[in-house]
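Starting from the known structure of chain A, fit chain B onto it as the hints suggest.
Sequence lines, in order, name chains A and B.
First residue of the first sequence: 408, per the working numbering; consecutive thereafter.
First residue of the second sequence: 408, per the working numbering; consecutive thereafter.
One or more hints might be untrue.
No distinction is drawn between identical chains; accordingly, a pair holds when it is met within one copy or between any pair of copies.
[As the list claims (entries may be wrong)] In silico DSSO-like pairs for lysine-lysine, Cα to Cα no more than 27 Å straight-line:
{"#": "1", "residue 1": "K655", "residue 2": "K568"}
{"#": "2", "residue 1": "K472", "residue 2": "K567"}
{"#": "3", "residue 1": "K589", "residue 2": "K473"}
{"#": "4", "residue 1": "K415", "residue 2": "K473"}
{"#": "5", "residue 1": "K614", "residue 2": "K473"}
{"#": "6", "residue 1": "K560", "residue 2": "K655"}
{"#": "7", "residue 1": "K473", "residue 2": "K655"}
{"#": "8", "residue 1": "K556", "residue 2": "K614"}
{"#": "9", "residue 1": "K589", "residue 2": "K568"}
{"#": "10", "residue 1": "K440", "residue 2": "K568"}
{"#": "11", "residue 1": "K440", "residue 2": "K655"}
{"#": "12", "residue 1": "K495", "residue 2": "K473"}
{"#": "13", "residue 1": "K451", "residue 2": "K614"}
{"#": "14", "residue 1": "K500", "residue 2": "K614"}
{"#": "15", "residue 1": "K655", "residue 2": "K469"}
{"#": "16", "residue 1": "K589", "residue 2": "K500"}
{"#": "17", "residue 1": "K586", "residue 2": "K451"}
{"#": "18", "residue 1": "K499", "residue 2": "K655"}
If you are wondering where the hints come from, they were derived from the structure by calculation, not from laboratory data.
Remember, it's a predicted structure, so these values are computed and weren't measured experimentally.
Protein chains: 2
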Amino acid sequence: MKSKAKKKYNILVSNDDGIDAPGIYVLVQELRKIGDVVVVAPDKQQSAVGHAITMNFPLRAKEVKKDGAFFGYAVEGTPADSVKLAVKALLKKKPDLVVSGVNHGANTAISIIYSGTVSAATEGTILGIPSMAVSLTTYGPPDFRYAAKFARKLAQLVLKKGLPEGTLLNVNVPAVAEKEIKGVRVTRQARAVWNDTFDVRRDPTNKEYYWLTGNLQDDDEGPEFDQSCVRDNYVSVTPIHYDLTDYKLLGMMEQWDVDSLH
Amino acid sequence: MKSKAKKKYNILVSNDDGIDAPGIYVLVQELRKIGDVVVVAPDKQQSAVGHAITMNFPLRAKEVKKDGAFFGYAVEGTPADSVKLAVKALLKKKPDLVVSGVNHGANTAISIIYSGTVSAATEGTILGIPSMAVSLTTYGPPDFRYAAKFARKLAQLVLKKGLPEGTLLNVNVPAVAEKEIKGVRVTRQARAVWNDTFDVRRDPTNKEYYWLTGNLQDDDEGPEFDQSCVRDNYVSVTPIHYDLTDYKLLGMMEQWDVDSLH
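In isolation and in its complexed conformation, chain A is listed as follows (with noise of 0.2 Å):
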């Protein structure tokens, strides 16, 4: 007979591609090694939410069954909606972890605060859940699967080791073939920005509309930032968290006499 097994972790998996994406669907069954997983994720795709909640609408969640069997819920909401509702709502029991992704797109330097992929992960980590967020760094056709098995290696580690209270795992995968992969390294976020420019056009009755373009500037160098590692063909993995606060200036500002200004 065999022993009695391992403690069995739960495990609530969301993304901002929605429930059909390819990327979640790898993620799963890499995560079902290590614990019994439910899927919470927007019913469909959800890029650059940012941090979108929805607060004037009613949410409704549909359960979701993949080969047969159940999967979780199809949320008509946002990523952070869709966390929180699974984590308020829906399931009996919290959560041991909170894993976002695989997204299909990196998620580096200021993309972070654009991405409903880190959101879902953020909202995990407000509700007190060790909380990740896994993206793949291409928009080409996509094969998720070593992200994925880096996922679960790095979910095992943080299961093990767990998070200070308010931060996550912004993890970055480069979109190569496996032995391609240099390695693995702790990063912080790149300055990097991007260069919008707005295409002008002409709809048919001649009205100005204006599409978004424009590229990542890539002004940081050095193995220490999330962009340029991953472009190097390393894995970056970045704790971050959501104490906006820049204490730096905070403390210069005492010099700034604001009182006078009531």
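Quick look at chain B alone, frame taken from chain A:
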């Protein structure tokens, strides 16, 4: 003959309550005292959209007049879209300052990351422009006059002193009569999070739906936190930035041997 006028600043105003919101109108009246003001804001209410941007749809902008004169543009998009489109396509000249608000409702503690008001100012900062977000801490009937006046005075200080690259100011003004305001404090983002609950209801066809409710847990006591500062009738000014890296955990993770996960 009057001597040459002082340098007139170009000020971009945005918000998340929409271009028709009274809070933006009162703010514009004040800021016109120190510069030329253009408003580029969402065409409708966009609260709690976080730092969402529109990537899969084109944006449209419509010229808006108020009191018979040019006021600005209404954008079919989010607050971040509005500021991006203003600076990169609609305005002839890069603004000297971005002011977002006056928001109807507090943006303290964790609310900062859900806030469309803050995201408009954040977008200004990303584009290299000194920026600030201003909120009035009430959901009841608002009187925006003191908040707008304070915003104008702080704007003058910011235009004089500048802000470090990547940092903006998040201002919250207590919703009390001017004479009851005790002063101004430089603060940090409180760690308080929402104690979310979902109100489960059934629609006429007996299908479940969920309304988000809940209240902000006010755990952080002390003059250094934005949340308790406004509760005690002080204006709070919090310097925030968008580098989300948790440098403390980053240092500790050197011991994690993440490279062994590859």
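Hint by hint, here is what the structure shows:
In this assembly of identical chains, the alpha carbons of K655 and K568 lie at most 27 Å apart only when taken from different copies (15 Å versus 30 Å within one copy). Taking identical chains as interchangeable, the C-alpha atoms of K472 and K567 are never at most 27 Å apart, the minima being 30 Å within one chain and 60 Å between chains. Taking identical chains as interchangeable, the C-alpha atoms of K589 and K473 are never at most 27 Å apart, the minima being 35 Å within one chain and 59 Å between chains. Taking the closest pair of Cα atoms, K415 and K473 come within 27 Å of each other only inside a single copy of the chain (21 Å); across copies the shortest separation is 62 Å, beyond that limit.
Taking the shortest alpha-carbon separations for K614 and K473, only the inter-copy value of 22 Å comes in at or below 27 Å, while the best intra-copy value is 45 Å. In this homomeric assembly, K560 and K655 come within 27 Å of each other (Cα to Cα) only across copies, at 23 Å, whereas the closest approach inside a single copy is 36 Å. Within a single copy, K473 and K655 get their C-alpha atoms no closer than 50 Å, and across copies no closer than 41 Å, so neither meets the 27 Å cut-off. Proximity of K556 and K614 under a CA criterion of 27 Å is satisfied in neither setting, with 49 Å inside one chain copy and 38 Å between copies.
In this assembly of identical chains, K589 and K568 lie within 27 Å of each other by CA distance solely inside one copy; the values are 24 Å within and 45 Å between copies. In this homomeric assembly, K440 and K568 come within 27 Å of each other (Cα to Cα) only inside a single copy, at 19 Å, whereas the closest approach across copies is 56 Å. Proximity of K440 to K655 under the C-alpha cut-off of 27 Å is found in neither arrangement, the shortest distances being 44 Å within a copy and 31 Å between copies. In this homomeric assembly, K495 and K473 come within 27 Å of each other (Cα to Cα) only inside a single copy, at 24 Å, whereas the closest approach across copies is 44 Å.
Taking CA atoms no more than 27 Å apart as the test, K451 paired with K614 passes between copies only; the shortest distance there is 20 Å, against 29 Å inside one copy. In this homomeric assembly, K500 and K614 come within 27 Å of each other (Cα to Cα) only across copies, at 23 Å, whereas the closest approach inside a single copy is 52 Å. For the homomeric pair K655 and K469, neither the shortest alpha-carbon distance inside one copy (46 Å) nor that between copies (40 Å) is at most 27 Å. For a Cα distance limit of 27 Å, the shortest separation of K589 from K500 qualifies neither inside one copy, at 38 Å, nor across copies, at 45 Å.
Proximity of K586 and K451 under a CA criterion of 27 Å is satisfied in neither setting, with 33 Å inside one chain copy and 50 Å between copies. Neither within a single protomer nor between protomers do K499 and K655 lie at most 27 Å apart by alpha-carbon distance, with minima of 43 Å and 34 Å respectively.
Comparing the model with each earlier hint shows violations of hints 2, 3, 7, 8, 11, 15, 16, 17, 18; every other hint is respected.
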